[in-house]
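Take the sequence shown: its letters are residues 0 to 219, numbered as in numbering that gives the first Met the number 0.
Heads up, some of the hints might be wrong.
Restricting the straight-line Cα-Cα distance to at most 25 angstroms, the calculated cross-link-like pairs of lysine to any residue (SDA-like) are [said to hold, decoys possible]: (1) Lys116 to Asp94; (2) Lys116 to Ala98; (3) Lys116 to Lys199; (4) Lys199 to Asp170; (5) Lys116 to Leu213; (6) Lys116 to Gly160; (7) Lys116 to Gly162; (8) Lys53 to Ala68; (9) Lys116 to Thr151; (10) Lys95 to Asp78; (11) Lys95 to Gln134; (12) Lys116 to Asp32.
Think of the hints as simulated: they come from the structure by calculation, not from any bench.
Bear in mind that the values here come from a model prediction, so they are computed numbers and not experimental data.
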Amino acid sequence: MSAQSPLRDGDAADFELIETMRWEPASGFLRLDRHLARLYGSAAELGFSYDPQKVGEALSGAVDRSPIAMRTRLALWRDGEANASAQPYEPLAADKVWALRLARTRLASSNMLLRHKTSWRQLYTHARSEYLIPQADEVLLANERGEICEGTITNVFADFGDGILATPRLDCGLLPGVLRAVLLDEGRATEAIYSLDDLKSAKALFVGNSLRGLIPARLA
């Protein structure tokens, strides 16, 4: 299938910037500074107004000092208005291993919008719909060159035997996830280019995001 661009349709320009993060009663929002830095960077690049006070009020109002862990979704509109919603966070079973499959849908590595977390998710929704939930816990997307980019809701990490997690390079066409950035900064991950065939030789596979952390995975 040919690579697709989120901006090929006129109505695709109407979107919000979003951040999804976890609230913990004892520590607050996990990696909050990194999430807000990414949001601010996207706002500046894409011409969104950004008011830190409105963002902070939206987040605090959503969790309202909840005594339980919460999954929180923050949305920023182009005019600077912000809204956040929260629901109880449901952790995965400790022994859960996600089954991965590759979508036929392709991403365009040249599409800069892929580097921003937005509410425009048609490509990811289409890729996810290619497999039933029992067939795949997460669906991977590749670009026009067959290079693995990311999952529909996660970044991808592969250990090819040296103990360092290889994650697709940003110029493959993907979202620079917050967890991905942390692992790169800590030296636990490095950027690489690889295909589905390369992943078959990996010693260990993971997908992950800031909400859930690293999740063990396997190719299905």
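Right, here's what the structure says about each hint:
1. Lys116 to Asp94: violated, 29 angstroms
2. Lys116 to Ala98: holds, 24 angstroms
3. Lys116 to Lys199: violated, 29 angstroms
4. Lys199 to Asp170: holds, 22 angstroms
5. Lys116 to Leu213: Measuring from Cα to Cα gives roughly 19 angstroms; hence the hint holds.
6. Lys116 to Gly160: Not OK: Lys116 and Gly160 at ~31 angstroms, beyond 25 angstroms, violated.
7. Lys116 to Gly162: violated, 29 angstroms
8. Lys53 to Ala68: Holds - the C-alpha atoms of Ala68 and Lys53 are around 22 angstroms apart, at most 25 angstroms.
9. Lys116 to Thr151: holds, 12 angstroms
10. Lys95 to Asp78: With Cα atoms ~41 angstroms apart, Lys95 and Asp78 exceed 25 angstroms; violated.
11. Lys95 to Gln134: holds, 15 angstroms
12. Lys116 to Asp32: Judged against 25 angstroms, a Cα distance of about 16 angstroms means the pair holds.
Hints 1, 3, 6, 7, 10, counting from the list given before, are not met by this structure.
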